[in-house]
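2 protein chains.
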Amino acid sequence: MEMNEKIAMIKAATGEVKADLVLKNASYVNVYTEELLQGDIAIAQGRVVGIGDYDGEAVLDMTGKIVCPGFIDAHIHLESSLVAPAEFVKAVVPHGTTTVIADPHEIANVMGTDGIEYMLQATEGLPVDVKLMMPSCVPATPLDESGAVLTVADIEPFYDRPNVMGLAEMMNAYGVTHTDKDVLAKLVAAQAHNRPIDGHAPGLTGKALNAYVAAGIYSDHECSELDEAMEKIRLGQYIQIREGTAARNLEALAPLIQRGYENRTMFCTDDKHPNDLLEKGHIDYIIKEAIHKYGVDPIIAVKTAGHTAARYFKMTDRGAIAPGYLADMVIIDNFDDFNIEKVLKCGKVVYDAGCVSPVKVPEIAAALEHKALHTFHMAPISKDDLMSEEALGCIGVLPGSIVTKDMGMREAIDLKEDVLKIAVIERHKNTGHIGLGYLQGYGLKQGAVATSISHDSHNIIVVGCSEEDMVFAVNRLLENQGGIVVVNQGQVTGEIMLEIAGLMSNRSLEEINECLEQAKEVAYSQGVNEGVDPFMSLSFMSLPVIPEIKLTTKGIVKVQ
Amino acid sequence: MEMNEKIAMIKAATGEVKADLVLKNASYVNVYTEELLQGDIAIAQGRVVGIGDYDGEAVLDMTGKIVCPGFIDAHIHLESSLVAPAEFVKAVVPHGTTTVIADPHEIANVMGTDGIEYMLQATEGLPVDVKLMMPSCVPATPLDESGAVLTVADIEPFYDRPNVMGLAEMMNAYGVTHTDKDVLAKLVAAQAHNRPIDGHAPGLTGKALNAYVAAGIYSDHECSELDEAMEKIRLGQYIQIREGTAARNLEALAPLIQRGYENRTMFCTDDKHPNDLLEKGHIDYIIKEAIHKYGVDPIIAVKTAGHTAARYFKMTDRGAIAPGYLADMVIIDNFDDFNIEKVLKCGKVVYDAGCVSPVKVPEIAAALEHKALHTFHMAPISKDDLMSEEALGCIGVLPGSIVTKDMGMREAIDLKEDVLKIAVIERHKNTGHIGLGYLQGYGLKQGAVATSISHDSHNIIVVGCSEEDMVFAVNRLLENQGGIVVVNQGQVTGEIMLEIAGLMSNRSLEEINECLEQAKEVAYSQGVNEGVDPFMSLSFMSLPVIPEIKLTTKGIVKVQ
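Residue numbers (my numbering), protein chains in the order written: chain A, 2 to 561; chain B, 2 to 561.
If we strip away everything but chain A, and leave its shape as in the complex, we get (with noise of 0.2 angstroms):
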């Protein structure tokens, strides 16, 4: 803070001089004490300056409403959205959302250094704060074939930059516990830098979970059971609660939102996908939930979506309503309703009645963004490309679910078995690399399907009921440089344009989302069984670290 920002604020403060904007005669959520208060909060250089009686330039009156410190989603991969991230703040800033803390593992995996330059760029000045954690995992395993690797010494430069936390959910608990040098690296610059590092290890317990722990990750959001939270708490990890669009741990772990562990539990959703985005909302929905079905303390789970995630990423300077924090706050007609009327970033008004206040879309160098743009490194494929004269290993899509069984080898399509092919095609490096194989339990009759997200590498995925229009799927994806396309015959029946990486696009949340739905309809009509998201199933088919059969870029991979 510069000397004149600070004389400024405490001019307000002793009242010298007006506020800036004072909330007149509030209730708010005072985290320390656990309490509801009443006061002016008064507000000048985007930061709170006083609680008390205060006049000021502009006046809101809270009269019979509630205010709250701005949520923070603790951890989120800001690409699950499909949307840039000025258009995913659009989307949130009337959920109450101030603080995100995203971690760029998609964009890394496809573009290195430069992905994470990019959302650095792409997310300044925003009217939410996106806070980056780096990469830990990129690539998420040998096995596969992604755009770069991230080393320490690509992520360390990151941690002088101001938006740059820590380092991101460490996911290979073997390598950790292993003691894999190279992964242990990253956690020694992290903590030489005196940064935070997150947790990634589901059902992680006994020692090899103490060893993780003492390895110096002291966070972990895919707990699934209460028993597993306990165990992490209880060694010092802090529990970031997730409910997201695929994963939902809020039920187990609601007993978690109550006095004695309100200060190691806080939330995130790890992965929003358009229509949960749109439909439920974001840490808001949590906080709603909580309270209403899981009846908690509407002061602990305010707290829970804000304090917490603030002290435990040192962002000393929000999570609370109190002199010298920034102005974040989301204000509420009442918590049973918890219905966000406005909400304030820095003390300025950026969503109000229904509306989000005009958002400046952040410039991207150009360089930066030509390359964002054009990260298909590949040549279009003929049919030949996804011909075999061998039988193929065939891959057992089980409904709602990402592991798969392994149906054994197979021929040839066979649309009455519902045995389609499947193809996943590098496109970062231009290595001709197209690994190829069967899928049953897909359902689809007509045509084909391809994306280009597909974890964690996002190579072209794609399967059809013919080789000839799986090719048509796979170039048009090309052309379009990136998205999902269903194909019928030769024509686009469905598709959503991903330009940015392969991953995002830079229209909006809603049209993605109609784009999306359109497109999953066809994909649907087209034969793609009940019970099977015809893009997202698809998109963990090349995920070599879940059993028990995938496809790679390099053929059929076992996986234990």
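One or more of the hints may lead you astray.
Stated by the list, open to error - Computed footprint of chain A on chain B, listed as stretches where at least three residues anywhere in the stretch have a Cβ under 8 angstroms from a Cβ of chain A:
no.	segment
1	33–40
2	171–181
3	202–216
4	331–344
These are computed hints drawn from the structure, not numbers from a lab. Virtual Cβ for every residue (Gly too), placed ideally from N, Cα, C.
Keeping the supplied structure of chain A fixed, place chain B upon it in accordance with the hints.
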């Protein structure tokens, strides 16, 4: 942490290799869940690596014992113990102290940045971690002549030193709330380095308090009333509950040591004099008082004694017994008796069954040591220096208080009316400045008393029944290069040598205490009134910020 340490920790945690030390069958205080839990605590590389079922190269049976995280004093001036840091540490190790946050305000007033450098070197490698806060107010007031002036430019480079935490108690609340730029520059700099800023604002309330907090000051150790503490907690300040030698706030603030506030409160002593340290102990004394006198839950008391301070000062490596944390632990028999049996610092037993392990006294750079041992830059005085032809103001001593009363003007010593002469002699810069006055209510009937402990500038204060004895006492103190001297008719009757900056001794706390008690007894036998501390009361006679009349090197000052 180095890679090889991390590998060794992980291997011990997984059980691949034996731990260095295991505390077998321990009951331990889990600060996260506020439970007493059971398990073997495995230690490697000086840190806890796992809790569960472990084997170690060495094993300590903890059956029937309770293991607590090491205690932290959140704010102390080590100089108040009158001994060098190594000697202080030897005295507090048996009390379970493993970290102290020290403000070297006194030595900085004498030696400036050299004094801070001295304390950094003198605390290196001790079995209690001494972390420094940078003195924010040197000199305490421009009315006085101290040995140094610390500007923001002097302070800022110290933030690069590993044991420097932040900015110490900002006593100049008026300067903060009235936007004094020199004061604010120190706050701006500490914040730019992301460092905590300690407060010191007794009785500050309302808008002035809001302004003080908004300026970035998030702790206070000066609360003497519960309401005052509650107002400060609600505005976001951490409360350092002080129970020291001179100021004792535990009784008033004990209601804060309970669930709901335990993450916002910590313990500190501020000042601990030798006899108090020896008779009562340190942070353990506060815990015991809290439990036994005020009915505090022992687990909450133990948590308050370490965890919150660690969080506030962003020391993520201590304040809990958890994997990855420093193995700083206190082993007690039970909560009722709270007898400390063993103390571990970084996994080493540093206190066991009444014995402190040998402490290696840190080496001080020769030139710096020479400077610290020669801080009296003045010539011997003579009787003429203490004579005045005019009447002088007379200070009235109030028993048990540092506040004084204006007793009008006097022209000469008058033992029948208990009127003594008092002088303050500038000793830092050879200015020859000597302030003269009279003192009533002290009681001395024979001889003189001189001290180089005189807040905050630590010039020489001398009071006497005759100018001859005053001269003798001052010149003796000069020969000693500091301390306290009691004389009678040209004979030394009691003395304490404080050769380090005139404030501390390299001898043991027991020795210094013995000298001090003997000298005190002599002072009383020479007439000092019961109810007046012969040395401490003198040491505040020159602090011109306490009402209503004081004496500086420039003469009598009336204080509003």
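According to a criterion of three or more residues whose C-beta lies within less than 8 angstroms of a C-beta of chain A, is the segment 331–344 of chain B covered? violated (count 0)
The segment 202–216 of chain B covered by chain A? Criterion: 3 or more residues, Cβ-Cβ distance below 8 angstroms. Since three or more residues must qualify, the claim that chain A covers the segment 202–216 of chain B holds, with 8 doing so at under 8 angstroms.
Taking a Cβ-to-Cβ distance below 8 angstroms as contact, does the segment 33–40 of chain B have at least three residues touching chain A? holds (count 5)
How about the segment 171–181 of chain B: do at least three of its residues have a C-beta closer than 8 angstroms to a C-beta of chain A? That given contact holds, which follows from 3 residues of the segment 171–181 of chain B lying within Cβ reach (below 8 angstroms) of chain A.
In summary, the structure is inconsistent with hint 4 from the numbered list given earlier, while agreeing with all the others.
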